[in-house]
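Quick note, the sequences are listed as chains W and U, same order.
Residue numbering for the first sequence follows the working numbering, starting at 514 and increasing by one per position.
Residue numbering for the second sequence follows the working numbering, starting at 3 and increasing by one per position.
I should point out that these hints are in silico values taken from the structure, not numbers from a laboratory.
Beta carbons: idealized from backbone N, C-alpha and C, even for Gly.
Hints are not guaranteed to be accurate.
As the list claims (entries may be wrong) - Okay, derived cross-link-like pairs now, DSS-like style, lysine-lysine, Cα gap no bigger than 27 Å in a straight line:
1. LYS570/W - LYS100/U
2. LYS39/U - LYS524/W
3. LYS39/U - LYS112/U
4. LYS570/W - LYS524/W
5. LYS100/U - LYS583/W
6. LYS61/U - LYS100/U
What the hints assert, rightly or not - If the Cβ cut is set under 7 Å, some of the chain W residues that face chain U in the computed set are:
7. TYR561
8. PHE616
9. PRO618
10. GLY619
As the list claims (entries may be wrong) - Away from chain U, derived, C-beta distances all over 10 Å, residues of chain W:
11. GLN531
12. MET535
13. HIS537
14. GLY553
15. ARG557
16. LEU558
17. ALA565
18. ASP569
19. TYR577
20. THR590
21. ASN612
22. GLN614
23. PHE615
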Amino acid sequence: DAGITQSPRYKITETGRQVTLMCHQTWSHSYMFWYRQDLGHGLRLIYYSAAADITDKGEVPDGYVVSRSKTENFPLTLESATRSQTSVYFCASVPNSYNEQFFGPGTRLTVL
Amino acid sequence: QQPVQSPQAVILREGEDAVINCSSSKALYSVHWYRQKHGEAPVFLMILLKGGEQKGHDKISASFNEKKQQSSLYLTASQLSYSGTYFCGTEEGDNFNKFYFGSGTKLNVKP
């Protein structure tokens, strides 16, 4: 099916563990994004990518790592999860600048 | 820099109008508006580009005053389906490293 998907949809992990959240889009959009959403903060940009092998930091990148070896995939890794990283994570894609962002369904991550 | 949205919350009766404001202290290239229902992903409503363009989408329209770095979202004759949280997103540059969402305005439309 065409669209943007995220996996897993729900994840519970422990402090200090490595966690990878997956994002996959079928449109071949150039730009992809990772946001986190916390109550009272809205959506905050973690990292974005303008194309395969091109990534850049957003507003809150500390504690996260991204890669983009293929246009359609944009995984987000928490190298050593902390409780403050408990959040809902959204992936999004857009074909180019000044365009609407298409959001995935989100991953709810709980770090105990 | 995160734009400021006002009000933080609005309660309306069906058929009433509402205005949601979004302002930034930085010069803006564009303003985006999204709506998010509880437990779901944000959904795009419209984008306004530099140039003071006003756009409309059914009974939802928006304006962008680039001199004041302000945008307003107008919801007329509100319907129950308009309930949700509305976010503005602002682009300060021509790439996404300066893209910020506001903290949202929660809209509750009652019968």
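Would you list, in rising numerical order, the hints stated earlier that this structure does not obey?
The structure breaks hints 6, 14, 15, 16, 18, 21, 22, 23; every other hint is satisfied.
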